[in-house]
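Engineer: Take a look at the letters that make up each chain.
2 protein chains.
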Amino acid sequence: MLATLIHAPRDIRVETVPDPVLSTGGDAIVKVVAACVCGSDLWPYRGVTPTHGAHRIGHEFVGVVEAVGDDVRIIEVGDFVIAPFYVCDNTCINCRNGVSTSCLHGGWWGGEDHLGGFADGGQGERVRVPLADGTLVPVRGEIRDDQVPGLLTLSDVMGTGHHAAVSAGVRPGDSVAVVGDGAVGLCAIIAARRLGATTIIAMSRHPERQELARVFGATHLVAERGDVGVTAVQELTHGIGADRVLECVGTKESMDQAIRSTRPGGMVGYVGAPNGGPELPVRPLFNRNVGVNGGIAPVRGYIEELLPDVLSGAIEPGRVFDLELPLGEAAEAYAAMDERRAIKVLLRP
Amino acid sequence: MLATLIHAPRDIRVETVPDPVLSTGGDAIVKVVAACVCGSDLWPYRGVTPTHGAHRIGHEFVGVVEAVGDDVRIIEVGDFVIAPFYVCDNTCINCRNGVSTSCLHGGWWGGEDHLGGFADGGQGERVRVPLADGTLVPVRGEIRDDQVPGLLTLSDVMGTGHHAAVSAGVRPGDSVAVVGDGAVGLCAIIAARRLGATTIIAMSRHPERQELARVFGATHLVAERGDVGVTAVQELTHGIGADRVLECVGTKESMDQAIRSTRPGGMVGYVGAPNGGPELPVRPLFNRNVGVNGGIAPVRGYIEELLPDVLSGAIEPGRVFDLELPLGEAAEAYAAMDERRAIKVLLRP
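Here the protein sequences come in this chain order: E and F. Count the first sequence with full-length UniProt numbering and you get residues 1 to 349, in order. Count the second sequence with full-length UniProt numbering and you get residues 1 to 349, in order.
It is possible that some hints are incorrect.
[As the list claims (entries may be wrong)] Residues of chain F clear of chain E, computed beta-carbon distances all greater than 10 Å:
no.	residue
1	A8
2	R10
3	D19
4	I74
5	Q147
6	R194
7	G196
8	H206
9	R225
10	A232
11	D309
12	G313
13	G318
14	R319
15	D322
[Claimed, not checked] Estimated spans, in silico, between C-beta atoms of each pair:
no.	chain 1	residue 1	chain 2	residue 2	range
16	E	N287	F	G117	22 to 32 Å
17	E	R214	F	L42	52 to 62 Å
18	E	R283	F	A335	25 to 35 Å
19	E	G239	F	H7	38 to 48 Å
20	E	N287	F	L42	19 to 29 Å
21	F	G110	E	E235	28 to 38 Å
22	E	R171	F	G196	13 to 23 Å
23	F	H206	E	A8	49 to 59 Å
24	E	E235	F	K31	36 to 46 Å
25	F	G141	E	R225	51 to 61 Å
26	E	E235	F	G117	24 to 34 Å
27	E	T91	F	T231	16 to 26 Å
28	F	T231	E	L307	37 to 47 Å
29	F	G196	E	R283	23 to 33 Å
Read the hints as simulated data drawn from the structure, not as lab findings. Each residue gets a CB set at the ideal place from its N, CA and C atoms; glycine is no exception.
Put together the whole structure using the sequences plus the hints.
Structural biologist: Pasting the structure below:
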């Protein structure tokens with residue numbers, strides 16, 4: 001089969017690799033219908049994180065089940081399934097607590113010996129899915145092709161934006177500011193509106209992303225950053241800052257922007273993987289009773305909740321995909337996102 | 001009148017100072033019934049924070065109103081009142097949001113020009129209280145002398161322990177670990193039990209404080225710290241850590257202990273004024289979805305909620321006072337707390 005490999009920074013290739021086979025009794029083999037490139041895939045692409053030899057890349061996909069192991073009870077051959085960006089059993093105490101990213105038996109796409117060895121992550125034609133009954137969510141009934149992009153967002157960005165809003169404790173009537181206008185930040189706007197926020201401030205300076213932010217529910221746009229951005233948010237929120245701020249970038253600067261844009265007693269929900277900002281400044285948090293909550297988003301647990309709204313069209317997170325390419329053009333997909341020519345790229349095997 | 005001054009580290013003196021007078025129309029003059037020494041008063045006492053010249057010290061008291069300004073509407077002469085450790089109007093948007101420590105018009109005991117200048121903080125015979133209607137909570141009806149210590153804790157430590165529990169989101173059935181066995185940590189145990197926690201782990205290695213922790217509701221004691229302490233908490237909590245951890249010290253070490261003792265998806269509620277640990281490590285928080293919430297406790301807003309339970313004896317936070325001295329012996333009060341001969345010292349003018 002074909003799959004995407006990263007050889008070195010800016011060196012993405014689609015190559016022929018062995019087809020996956022059932023390895024443990026709990027596996028499923030999924031034929032990929034759509035995959036995509038994640039903002040975090042750009043870290044090795046840009047050389048921010050090192051690449052030690054060529055290896056497979058990707059962690060978001062939807063597809064159709066072709067085979068299942070003997071121990072699989074829920075997932076069936078022929079199911080259309082959504083895979084989260086990690087593997088989990090969905091039964092352990094951490095999964096039951098809603099933190100399936102800390103599953104006691106789970107792991108990450110790539111290779112984990114206890115999960116039966118290497119498992120591709122979706123930027124290819126087929127995937128072996130360990131712990132299939134826990135990891136995969138079947139979507140039964142007819143699926144229209146135009147629903148695929150929305151369903152694919154449930155494997156990462158829509159659930160991650162939702163996690164920012166849930167972690168921040170967004171409630172009806174809240175004012176919410178969103179730091180970051182990538183796919184996750186845009187999905188966080190959808191999530192904030194869905195949870196009842198009435199003032200939603202998108203911090204964005206890119207016209208095409210501002211437009212999508214408006215479509216998704218942003219009531220105000222703030223293009224400024226730093227002190228001027230903080231002041232602009234305060235002017236829209238009774239002079240005190242937003243009740244909840246959703247940090248969807250992961251840099252020291254974006255976290256600082258988020259903390260300072262939050263009102264006393266408010267909460268930052270953060271989902272941007274920390275990159276270059278290893279510490280949170282405690283005094284600005286303590287003195288103003290601003291909390292910080294979030295982390296690597298346990299999206300598996302959100303799929304069932306968000307799925308009906310995606311299927312009905314009540315929310316349209318699939319609109320974050322502004323470019324669709326065949327799998328063979330994965331290198332161009334990375335380049336388009338790297339150069340910000342695309343918000344998020346969907347790949348079709 | 002007599003009041004307590006700090007001249008330099010370990011130099012506490014009770015001296016004659018001018019009686020306070022009404023300065024703004026919103027003031028009250030309160031005759032102090034009882035005051036106390038706070039853990040944070042030990043910072044300048046120990047020289048951790050500098051003392052630039054002799055000045056008054058103290059910020060927790062209860063007393064009886066002797067006079068009120070022309071604009072005071074709620075507080076009446078003769079009222080027994082509880083004062084929080086700060087001044088607030090109790091009407092601004094931050095106060096209404098439950099964050100009266102960020103009151104737009106309030107301030108701190110000591111001197112704030114916009115509040116009418118210097119205001120004593122309670123370790124003396126009388127206090128001028130600015131914004132009296134917002135700051136003070138009257139306790140109407142007969143007050144027995146044995147109720148005074150409990151009422152005095154509402155001016156700081158009981159409300160602060162409660163804030164740790166509220167900030168951590170303690171709910172019925174939760175497991176809670178409390179880091180810190182000072183007066184605030186002990187009150188946090190009371191608060192956790194009051195909010196329905198069923199497993200309450202006191203991290204304490206002082207026998208007399210362990211005993212009080214048990215009386216207040218601790219179900220388990222962990223004397224160890226560091227890795228061993230973390231493991232001990234995990235063994236009591238299904239191997240994953242406590243749902244909620246209440247950090248009541250304020251050092252880098254105690255915050256580290258708290259974060260690592262929290263289960264994935266759990267929350268640290270912190271109220272220990274950060275001292276020597278200016279940063280929170282983001283990766284251990286992000287990777288395990290551990291949140292951090294809290295800050296300088298807005299105790300004014302908790303007094304009405306906690307007061308009935310103190311008056312009825314349902315909770316007994318006054319037991320944190322294990323030494324009572326006349327105001328004239330304030331120097332000994334500081335020494336006893338500094339040397340950990342006393343948990344908390346009550347002063348009677």
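Engineer: Which constraints among the numbered hints does this structure fail? Numbers only, ascending.
Structural biologist: none
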